[in-house]
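For the record, the sequence lines run as chains A, B, C and D. With this note's numbering as the guide, the letters of the first sequence map in order to residues 568 to 997. With this note's numbering as the guide, the letters of the second sequence map in order to residues 568 to 997. With this note's numbering as the guide, the letters of the third sequence map in order to residues 568 to 997. With this note's numbering as the guide, the letters of the fourth sequence map in order to residues 568 to 997.
Take the hints with a grain of salt, since some may be wrong.
The list treats identical chains as one, so a pair stands whether inside a single copy or across any two.
To be verified - Cross-link-like lysine-lysine pairs, in silico, DSBU-like; alpha carbons within 30 Å at most:
| hint | residue 1 | residue 2 |
| --- | --- | --- |
| 1 | K963 | K709 |
| 2 | K583 | K709 |
| 3 | K843 | K815 |
| 4 | K984 | K718 |
| 5 | K982 | K709 |
| 6 | K982 | K843 |
| 7 | K815 | K963 |
| 8 | K672 | K984 |
| 9 | K982 | K815 |
| 10 | K709 | K984 |
| 11 | K815 | K583 |
| 12 | K672 | K718 |
| 13 | K672 | K815 |
| 14 | K583 | K718 |
| 15 | K843 | K583 |
| 16 | K583 | K672 |
| 17 | K984 | K815 |
| 18 | K718 | K963 |
Honestly, the hints are just simulated from the structure, not real lab data.
These are the residues of each chain, in order.
4 protein chains.
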Amino acid sequence: MSFAISADFLAAENAKLEAAQAEDYQALGRQLSRRGISIEAMTERAMTYAVAVPTWGVGTGGTRFARFPGPGEPRNIHDKLEDCGVINQLTRVTPTVSPHFPWDKVADYNALRQEAARHELGFDAVNSNTFQDQRGQRHSYKFGSLTHAVKATRMQAVEHNLECIEIGRQLGSTALTVWIADGSNFPGQSNLNAAFDRYMDSLRIVYDALPTDWLVFLEHKLYEPAFYSTVISDWGSSFMAALELGPKARCLVDLGHHAPNTNIEQIVARLIRAGKLAGFHFNDSKYGDDDLDSGSVDPFRLFLVFNELVDAELRQAEGFSPAYMIDQSHNVTDPIESLMASAIEIQRAFVQASLIDRELLSAAQDGGDVMLGHRIVKQAFITDVSPILAEARRRKGGAIDPIGLYRSSGYRAEKTKERPPVEGTSAGIV
Amino acid sequence: MSFAISADFLAAENAKLEAAQAEDYQALGRQLSRRGISIEAMTERAMTYAVAVPTWGVGTGGTRFARFPGPGEPRNIHDKLEDCGVINQLTRVTPTVSPHFPWDKVADYNALRQEAARHELGFDAVNSNTFQDQRGQRHSYKFGSLTHAVKATRMQAVEHNLECIEIGRQLGSTALTVWIADGSNFPGQSNLNAAFDRYMDSLRIVYDALPTDWLVFLEHKLYEPAFYSTVISDWGSSFMAALELGPKARCLVDLGHHAPNTNIEQIVARLIRAGKLAGFHFNDSKYGDDDLDSGSVDPFRLFLVFNELVDAELRQAEGFSPAYMIDQSHNVTDPIESLMASAIEIQRAFVQASLIDRELLSAAQDGGDVMLGHRIVKQAFITDVSPILAEARRRKGGAIDPIGLYRSSGYRAEKTKERPPVEGTSAGIV
Amino acid sequence: MSFAISADFLAAENAKLEAAQAEDYQALGRQLSRRGISIEAMTERAMTYAVAVPTWGVGTGGTRFARFPGPGEPRNIHDKLEDCGVINQLTRVTPTVSPHFPWDKVADYNALRQEAARHELGFDAVNSNTFQDQRGQRHSYKFGSLTHAVKATRMQAVEHNLECIEIGRQLGSTALTVWIADGSNFPGQSNLNAAFDRYMDSLRIVYDALPTDWLVFLEHKLYEPAFYSTVISDWGSSFMAALELGPKARCLVDLGHHAPNTNIEQIVARLIRAGKLAGFHFNDSKYGDDDLDSGSVDPFRLFLVFNELVDAELRQAEGFSPAYMIDQSHNVTDPIESLMASAIEIQRAFVQASLIDRELLSAAQDGGDVMLGHRIVKQAFITDVSPILAEARRRKGGAIDPIGLYRSSGYRAEKTKERPPVEGTSAGIV
Amino acid sequence: MSFAISADFLAAENAKLEAAQAEDYQALGRQLSRRGISIEAMTERAMTYAVAVPTWGVGTGGTRFARFPGPGEPRNIHDKLEDCGVINQLTRVTPTVSPHFPWDKVADYNALRQEAARHELGFDAVNSNTFQDQRGQRHSYKFGSLTHAVKATRMQAVEHNLECIEIGRQLGSTALTVWIADGSNFPGQSNLNAAFDRYMDSLRIVYDALPTDWLVFLEHKLYEPAFYSTVISDWGSSFMAALELGPKARCLVDLGHHAPNTNIEQIVARLIRAGKLAGFHFNDSKYGDDDLDSGSVDPFRLFLVFNELVDAELRQAEGFSPAYMIDQSHNVTDPIESLMASAIEIQRAFVQASLIDRELLSAAQDGGDVMLGHRIVKQAFITDVSPILAEARRRKGGAIDPIGLYRSSGYRAEKTKERPPVEGTSAGIV
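Same shape as in the complex, but just chain A (with noise of 0.2 Å):
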């Protein structure tokens, strides 16, 4: 028998808390209502609210220099669905997940399907991989996978991702996730230009194997772990290559795959206007693709992308429905923690930037008023929402203080007798 947290236990747990939870949220709400903001619609806002967990985060992630694994790890595709339910109940804010092949793969997809039901759990954009050689594989992506310059080697690649396609449909997925690490280390080693027309002719085959109602997302990244050159580097590249292939390409947003300074939220507003949006692979960092929880150290940058995406859904912006997931390494803390903090502070800005009042805001812009265009911001992502956000998870059956309850309820020593120790070593490679 496998440990859960129970009902009554979270029942209990939140009881504890309801009585300061009511207490700030009628104080809030009164300063809400003399802002001209029904606190009421804000939690209802936050209650549809919805972010996918992916099943790779819930396992300690690593460097090339070391991974130190947690205790009680997730063993398999199984005991990941597990800890990924745990994050929707508590948080009631991730009732899915995104998996990764071939590190999910099992024999049959539909029982997969139902025991992920089992936890409440749905399927989201199916990843795939072709950054690594797999035991046994015939041709290896050392030089490249789908933009290789040999075709067997990108044919390889390319069927890799229909088999992606084929378990996503089995899964109930509409959408397949192409991130690849295809790109130079120098100067010279790679034809910038035929490179990319490689990837093209791959994406080709992929896109007219979609189904109907599929998307695909091309996620692209400046750098690592190609050091010269990525193929699919940046917004632009991403951008030219979707719409090349049509109307189910889109372009996918990784806030850590920018170059330094750049402003993540106008590139967000130019896919919105392009009908381009993906949606996007949350995280935060401070160099690179550091792959840290989301809001852990620029949540002002996360707010502001909020903002546009509020933005264009108020405005009905056409093609506007952007899929939202997780993206994190989680290399010293408990992944479940994580994830549950990452996704609520990714609901803390959707719910902030529902705040701003937009037509005062449109008045103070079309008026040359940078003063009050910018308080009106501002004040929203000032403003604590946190009785919302603990609102909306208690009114949905989830708990006051995630965080708190899960350490309380003991599941992670509970896992850790459950799952005897992963095998191998810690070591990175440097």
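Position chains B, C and D relative to chain A; hints supplied.
Below, chains B, C and D alone, put in the same frame as chain A:
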């Protein structure tokens, strides 16, 4: 009577250097011959290369902190043409100038064209200026120009661009370069989407007014003078705009207008692929838009850009016909010296990139021979092609040693006498 | 007669907001009380906090491209003191101003001190200026000032600093801030070692001339206006210089003077540890030395700086007594509004950082509880302390809503009448 | 019997190239002679230059995403010494190796030293490793090593360093390089000051255990694997630590460990001035710590570093005796080829920097002749000194064309037969 460097003086100075030049040229010829390269073919290529000089570049530049004028600075477009004439006289690689309006306004543009011709100069792309307010201007550009929220301001900026086209037509130009400073300094100041839409509305009018054989060059820049968002901030935005406008709109690449760590040569490759590369504003930089002399900070980067350009030229990429311009700010050097040195460094990169055996390179790239591909490219860069550049100048009637000759000619001292010091303060804007 | 905001007007405006303020204050008080924090203690802390305003900050700034003046700009130090007085009148957090010479030169500094006192203002650190040439100046700073290769130029710059000390002494200042623009634009322009040696020689004279109770603040900056190397480019250089000079030399941190991705709060921690933290020039930035309003781009970073400052204060770090100044360029806003907003954002970060339970945080850090350590810090940042800041202002006789009150006072419109527009062009230096 | 490249083979291969080499050498000699430089003096300088190779560099590196092993990889320190021997045999510029522990642990270090000597190799600085957990290790470094909050963990890390000194003593090393991964991933995870204090406590013990003639090299790094703060993140922190420890502590500069846009050569100049420059870990990079081949991305930067080093050498700067080491990760190339190419590029920069006439340069710098100062430096960089490098190799018994000779020798194919493939997965850590 205005002082000019005489043909006799030039010939006499060259005579002193010809023996050494011949010896170095022959030695390099033998080395290249062993590598399967004809030095004569390279010299011929060098002789065909040309890059435009900006009229504003011959004045001393400055920063927001200060401007420190140099002696004998040009006071107007007539002085500027004289200085630009010297640059081409000695380097024989800068036969055209790129004017900026209203800075270079005159009453009679046909006369100006003839005046330029007397300096053996033609006119390259014309540049509009909507980033400053001119005395007596009706609407201020403080909060934007082509993207201003108020239509009257936008139309004023549009009309200025139409006027630039008309002036350019009289001067023999066939392209308009549009760089706008529009953007915002604060989150919330501007609606990122609406600003872009207004840009498109304004540009559409300009585009429709282009003469048949004209192009419009859209120039992007990450930041400065706007410090939070810039409407046309990156090549993706520029590309999106150029695509919507049509075939006569192309994307201009200024080497200093990118985020830190950006792989500029790959952007060049992407724009070539799309048939959207307008051309360049050459300069060099270490931090931001430093506008330093081309090749002075990262000469390998400049070379790698030309590696893409020569690659595209030799495979006859469709629609490939880039315009080459220098755009620098000469704050601490004699602008004539800096422009001569820069033009030669640009030509150097062109010739070095021409040394590459494209078939060998392709074979290495397709065969996964990373080291060989890199060494082929690096070997071209390491090669000292100075004798080829000097020979190209010599054969075209220029100076073997342009800076040395310029210094010994006493040109600047003469101009200092002819041109009384410019009025006004040296103070910048802090 | 010069227009001033009357105490009656201030009281009347405050009266309209007092009920709401009281309600929010009490609600926050209850919430904090549950978290073990006394809101009264926090309000008292807020009331003690102070940050200096730069005299040059009340004028409209600009870039090398353009300056767009605002209406009613101050024309001289007298107007500037008037504007600074308003900022402190309404915010009650900026009781001192930091002057800049020769910009603020007057004939009688005792009179100036009394004039400031009538605005309830004192004088903070004096700033020297050797980055511009002044009319009639004997030696140009084009190629350096305190580090110039020519001794006479260095001595001219030294003497200017000595004069600043003397002026500062008369004004009641006790510190000299030295920022130099010295550096180089090209590899080879300057000998990097020799320039630093000359800096030390010059600074030694200035240091030796400091009155007993004075400090000298060395301000580093990565780049601009020098674009290849800057003599005092980073905190390491600043620290090396301050260490050699002696205990009266300290390192000033301007938040915008660092390389991209730099962890500024850790630099602050290092300087605190060494007893060498002079203090701050507060502003915010996204790209370079953007000089935007404090807290407008990355408010979490500002908070994390104060996390270090409050940590040092509470553990009574030896030699810890930082000077707080704002240094911003207000290009598109009313400078008075920007300075009021900025001072409040800085005070906000101070109060938020004061909410942290240092013992709990230490325990989490020492126990390897990464998530708890992070949540404690983040929780303080999420807390909306606006009611505390408003209460501190209210109790000190300031405005509950400074910007709102300033706008309804009509101050700027009155000054526009009183102050005829400043002569001169709006054009920048390109 | 292990395959080795024979002296006869080497001689035969060189013989094919000697005529061309002689012709190029003589031509360059004549050109340099005209510039007042003796090519023989330069060749002699080239022959004296040496840089150490890291033992870990001869294996294939990887990223957190994947590692793609190459054929015939070394399996242990014995294989590594063999490969390092080949590098020096052909380039004659890498006579020492820098070992890493526990990776290179053996039972008998005297035997290892003799084994190295048979490959004509000595031992350079020893490197400790406290960034990974070793099998059976008592205390984990997940939350730090020398700066860990728990004393027992710190002491374990200290003792490892003491062991490294002891091993190094037996190997003939005279320096210990300490790079730690310690830092934090989240604001609040660590007390920035306390971590540094603990670093000092730990290092003090190591410092006190150094043999009389030893130095300890402190290596800073901006980020990775820590993604929010790193204890020794910049040269300022490293300098502060080295200063407190004493004269035997110096600061090691890895070219890839800096923030974007950092002027590394100026840091080198500052450390030289302070007598604190330990030496280098050479590599090249475009984004972060990319660990690419030296000189492959920004060769001018490498040259400018050597410009400072040669300047310091020639003016006999006090305490100047840097240790030169390569530290790269060879993910897509044959490590032997990359290390040979890199060693030659480093030597190239050294020789190019030696071409500069220091007196002329000083005169230009002191006279404010910016263009001349820059051209002197640039001219040295443009000069193709390949014939000097080849001649230095030839005279020392190495290969005129090391990579060509290595390829034709069949060394890697032979080793692939001799060394069965390494066990284990190619998968990285995501």
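Comparing the hints with the structure gives:
Taking the closest pair of Cα atoms, K963 and K709 never come within 30 Å of each other, the shortest separation being 47 Å inside a single copy and 37 Å across copies. Within a single copy, K583 and K709 get their C-alpha atoms no closer than 55 Å, and across copies no closer than 35 Å, so neither meets the 30 Å cut-off. With identical chains, the CA atoms of K843 and K815 are at most 30 Å apart both within one copy (9 Å) and between copies (24 Å). Taking identical chains as interchangeable, the C-alpha atoms of K984 and K718 lie at most 30 Å apart only when they sit on different chains, with a minimum of 29 Å there against 48 Å within one chain.
Taking CA atoms no more than 30 Å apart as the test, K982 paired with K709 passes between copies only; the shortest distance there is 21 Å, against 37 Å inside one copy. When the C-alpha separation of K982 and K843 is checked against a cutoff of 30 Å, the pair qualifies neither within a copy, at 42 Å, nor between copies, at 50 Å. Proximity of K815 and K963 under a CA criterion of 30 Å is satisfied in neither setting, with 33 Å inside one chain copy and 56 Å between copies. Taking the shortest Cα distances, K672 and K984 sit within 30 Å of each other inside one copy (25 Å), while across copies they are farther apart (35 Å).
Taking CA atoms no more than 30 Å apart as the test, K982 paired with K815 passes in neither setting, with 41 Å inside one copy and 50 Å between copies. In this homomeric assembly, K709 and K984 come within 30 Å of each other (Cα to Cα) only across copies, at 21 Å, whereas the closest approach inside a single copy is 39 Å. Proximity of K815 and K583 under a CA criterion of 30 Å is satisfied in neither setting, with 49 Å inside one chain copy and 55 Å between copies. In the homo-oligomer, the alpha carbons of K672 and K718 lie at most 30 Å apart inside one protomer (26 Å), although the nearest pairing across protomers, at 44 Å, exceeds that limit.
For the identical chains of this complex, K672 and K815 are intra-copy neighbours only, at 26 Å inside a copy versus 50 Å across copies, given an alpha-carbon limit of 30 Å. In this homomeric assembly, K583 and K718 never come within 30 Å of each other (Cα to Cα): the closest approach is 63 Å inside a single copy and 38 Å across copies. In this homomeric assembly, K843 and K583 never come within 30 Å of each other (Cα to Cα): the closest approach is 46 Å inside a single copy and 48 Å across copies. Taking identical chains as interchangeable, the C-alpha atoms of K583 and K672 are never at most 30 Å apart, the minima being 42 Å within one chain and 57 Å between chains.
Proximity of K984 to K815 under the C-alpha cut-off of 30 Å is found in neither arrangement, the shortest distances being 46 Å within a copy and 50 Å between copies. Within a single copy, K718 and K963 get their C-alpha atoms no closer than 51 Å, and across copies no closer than 46 Å, so neither meets the 30 Å cut-off.
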